[in-house]
Structure formats: structure tokens, C-alpha cells
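Top line first, the protein sequences correspond to chains X and R. Quick note on our numbering: the first sequence kicks off at 68 and runs consecutively. Quick note on our numbering: the second sequence kicks off at 385 and runs consecutively.
Everything labelled a hint here was simulated from the structure, so no lab data went into it. Keep in mind that this is a model prediction, so the values were computed, not measured. One or more of the hints may lead you astray.
Unchecked claim - From the structure, some residues in chain X lie toward chain R, with a derived Cβ separation under 7 Å:
#	residue
1	G170
2	L172
3	I186
4	F190
5	L191
6	S311
7	G315
For every residue, glycine included, the Cβ atom is placed at its ideal position computed from N, Cα and C.
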Amino acid sequence: MSVLRRLLSSPTGAVGVALLAVIAVAALSAPWIAPGDPLRIAGPALLPPFTDPALPLGTDRLGRDVLAGLLHGARTSLIVGIAAAAAAIIVGSLVGTIAGFAGRLVDEALMRVVDAFQIVPGFLLALAFVSVAGGSLSTVILAIALSAWAQPARLVRAEVLSIRERDYVAAARVLGMHPVEIALKEILPNALPPVLALAAVIVAAAILTEAALSFLGLGDPNVVTWGSMISEGRNVLRAAPFLSVIPGIGLVATVLGVYLVSEAASEALGRGGRP
Amino acid sequence: MHRALSLIRRRAVSAVPVLLIVVIATFLMLEAAPGDAVDAYLLSAGGGDAALAATLRAQYGLDQSLLSRLFLYVAALGRLDLGWSVAFERPVLDLVRERLPATLLLMGSATALSFGLGSLLGVVAGSRPGSLRDRALSVGALTLYAVPGFWLGLVLVLVFAVALRWLPIAGLETIASGKHGLGRALDIARHLVLPVAALGFIYLALFLRVMRASMAEVWRQDFVLAARAKGLGRRRIVWRHVVRAALLPLVTVLGLQSAGMLGGSVVIESVFAIPGFGRLAQEAVAGRDAPLLIGIILTSAVLVILVNLLVDILYAFLDPRIGASEASA
């Protein structure tokens, strides 16, 4: 728990935790503060913010409640960001462990696949995948994971390569442990910490990718996202700029919170200034 | 020069299997899509009977088996034939060649902006690590890095094009302006200010942070201590010794961020209605144009490989300690 205290004692960490706490509370309380479907018509169209106490942030072109969209959008952003990052890290760790632990040929083949995924711009890949698989929340999560797993795979492989030569791995081998057991029980847990340090960056990137995809109209049409709200507001950018600006602030606050916490955490863990 | 040539040769050889994986993976992914280009075409044309669909499929070779189509596609690639775009009714290669310059201009300008300004601000922050100036710049950079590019673009449009009316809202140049030469170049430059800023400012933060971290690293090294012991002024130590050594990691980032920037330009081009490569990708998605989409993904992969090759050559020349053999590792 001392890590958490150190996290909160640095100004960056405290601000980051506060930002994420606000976003998380917004996401969790969305069904109570703004019950019902956030995509339903709640009032007159293009109501400016701070004019009607029942619709504090106003309404969009179709009369939908902006506050409800903002709260439910926080849910979508966090769900997609965390789920996609988790999937990317799990797949990446497995591939990295196999590549680092199996023989030269498997390693070579897997790393060429990793290369292929790293030279194709991740966003283009996600774009193509969503266009093929259709825009639902789960395909968006898969698409983002697909564009993000290569980096953790490479990192885990490098870790595994250095760990597999350690004495305790040799000891496990002498004890007669099965190679798969060695890989999963002895090597993978020790290769994970640097990947978890990368996790925050992957979550942040996933949130930004999701926003960009739904901004281009490729997200799930039945789910409110901040990206789709910005895209919707863009149609009335001159008349009602708040419609595009408000959800963007939500995005910046979330991603900044993730970055600040990650930076403070790596300082607290004594990793020094990682760029 | 010999070093660079051998580097190029080795890179070209190792790029072939990777590009082949890209082709096969993209091909299989698009194959899994329900409906093909003929379905999309018939939909947009307002329908047609089964005979027409069959004729069209035969015409585009869509009636053959997956393996034979993949084989035909790879064989055509060997002749630099990227296939036929169904949505545009034109060769994919022509479309790519037509759209690429705008995107390269956008990316090049954005890279120059982010690298130049970012490393400069990184020097300002890193010349006195831990100072108030350093902390303010670092937090500012982190905030900027958290901003989605497309949203920054919209905010810039709101301020500079809608409210202040200083710059055009969208497009690459004024349509039918009749301008030539310098006048046209200035017109394009005016149109590019906002998109370049939207794309470049995000990466500016990245370069700032890498430069700062790299300088913090260099400050601790012995040769800086030696320079101090010699009694050199702080300014001279910063510029002549620390910055020079700290620039190298930035060159690596230059290569690493090229794929990200290419992806980012898809959205930026959509915000600013720039008829570039990224817009083409979006149009390919909208038109279910599989050959075009594969062509785009493949071209972007080649582009990223080329940028990284350039960066490695640059690196090998910048850092005399590294031979080309290690630079390619």
C-alpha cells in the first residue's frame, strides 16, 4: 500500500488519480444520474448548456441530453480502453512467451508476424477490421487489440529471453517440470512487470483509437461514445460548438488521467523517467 | 556509401517475408467480410439480377477459389500491379500515386514541426532538469499528448477559421482559383496550417518528452562532468555537448512514430477534407473496395519500412560508434 501512498503524495499522481476517480464515478453512476437510453430524445433540439436545470449541458441536434451522453460515453471509453488493452496484453504476452521459449524457427516465424503488425499503421488495421467485421462494441475492442498486441509481444519476448537463462529456471528444469509449466509458472510471471508498466500507455492509446474510429462513424451505432458525439456535433460546429468541445474535454481528461497515474506510478516504483 | 548500400540490400531482403505476411493477413481478413465488391456495386447502382452479378464476379475474378485469387494477387504484385479498384473503376496504383503526395506533404510538414519545435522545447526543459520551467513544459506536453488529433483539429478550426477567419476551414487548396506557381504554393500552405498543427502538435509532445528524458540521461555522463571541470559555460555545455548526444534517441523516435502518424493522418484528412491517402482509406472502407484497401495497407507498410530505412541510414551517419551492421539490429 505504500506505493499507493507515494502515488498520491506526488502532485502528478494526485491529479491523475483524481481525474480517473471522477471519470470512473461518472461512468459507474451513469444509469442513476441519467437513467434510460442516452440516445433517446429528451428535450428541444440544440438547447445551449446551463439554460435548463433538467438538461444542464444542453441537447444536441436531435434533442438528446448531452450530459447523459457524456456520462454513458465515459462508460464506453473505459470499457473499450480496458478490455482492448487487456486482450492485447494477454495475446501479446502469450505470443511473446512462446516466441522467447520455443525454438529458433517458431521464434523467427512469430517475430516476422509481429514485424508485419508493427509496420502496418495500427489505426488503418483497426479501420479495415471494423469495416469487415461490422461496428459493434466487441468488434471495436477486437480491432483495437489487433492493432496493439505486437508491442507487448516484443517486450515479453525480450524479457523471456533474458529470464530463461536464469538459475531458477534451470532448477525447475532439473526438477523435471514440463516446459509449458516452466513457461507459464516460472517465466511469464517474472516477465510481466515491464509489460504492466506499458499497460497504461496501451489503455490510453486504445481510448484514443476508439474515439477516432467512432468519430469516423465506424463504431457501434447503438452505443454512445465521445467520438460519435464529437462527430455529431461537427455538423453544427458554427451554431453549437459546445457539442463537439464538451465530449473532447472528457476524452482529454481521461487520457491525461491515465498518463499522469502511469508516470507517477513509474516514479513511485523507481523506474525513473520513462518517455 | 557502401555501408548504406549494404544496409538497403539487407533491409530489402528481410522486408519481403514481412510484406508477404501483411498481404496474406489482409487478404484473409477481407475475405471474411460478408458481401464483396460486386454486392457493394450492385447496391450503389440500385440493384441488378443474378446474371449480372455473376458476370461481374467473373470479370473481376471473384468467382475463383480463395487460394488461386491470393496466388494471382501476389503474382500481380510482383509486376507492381496493385489490382483494380471496384469503387473508383481505376487501377489501385494510379489512385495511390494520385493521393499519396498530399499525405506526404502533410506528414512531412507535421514531422518537421513536431521534431523541430518539440526538440527545441525539450532542450529548454532538459537544460535545467527539475526546474519549474522543466515541470511546466513536461506537464504541458503530457496534456497535449492526451488530446485526440481530430478534436484538436476541430478546436483549431473553431478558433482560427470560424471565429477569427484567419485561415480556410477545409480542403487542400482553393477550388478553381486559377493560381499557378508561387501563388498556388502559398494557397496550399495556408490550407495546410491547421491540419499540420493538429497532426504535429500531438507528436511535438512526444519529441519534447524524449528529448528531455534523453538530456537528463546525458547530464549524468562523464564527458559532461569533464566539460564542467574544464570550466565551460553552462550554455556551451548544453548546446555543444548535451544536446548533440541527446539528439540520437530522437532520430529513432522519428522512425517509430511514422506508422502512428500515417494512421493519424486518416482522421485529420477526414476532418479537413484533404483528398489524401487517408481519405482514400476511408473511401475504400465505405465502398467495400477490398483491392483498394489491401493496396492502401500494403503501400503504407512499404512507406513505414522506407522511413525506418532512412532513419537507420541517418543514424549510422550521425553516430560514428555504430556501424551499419549494428544499426540494423
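Hint check:
1. Evaluation of the X:G170 hint against chain R yields a violated restraint, the C-beta minimum of about 18 Å exceeding 7 Å.
2. For X:L172, the interface hint is violated, the least distance from its beta-carbon to any beta-carbon of chain R being 13 Å, above 7 Å.
3. Interface restraint check: X:I186 against chain R, minimum CB-CB distance 5 Å, threshold 7 Å, status holds.
4. Here the hint on X:F190 is kept, as its CB sits about 3 Å from the closest CB of chain R, short of 7 Å.
5. The criterion of a C-beta within 7 Å of any C-beta in chain R is met by X:L191, whose closest approach is roughly 6 Å, and the hint holds.
6. Restraint check, X:S311 versus chain R: the minimum CB separation of about 5 Å is within 7 Å; hint holds.
7. Residue-level restraint check for X:G315 holds (minimum Cβ-Cβ distance to chain R is 4 Å; threshold 7 Å).
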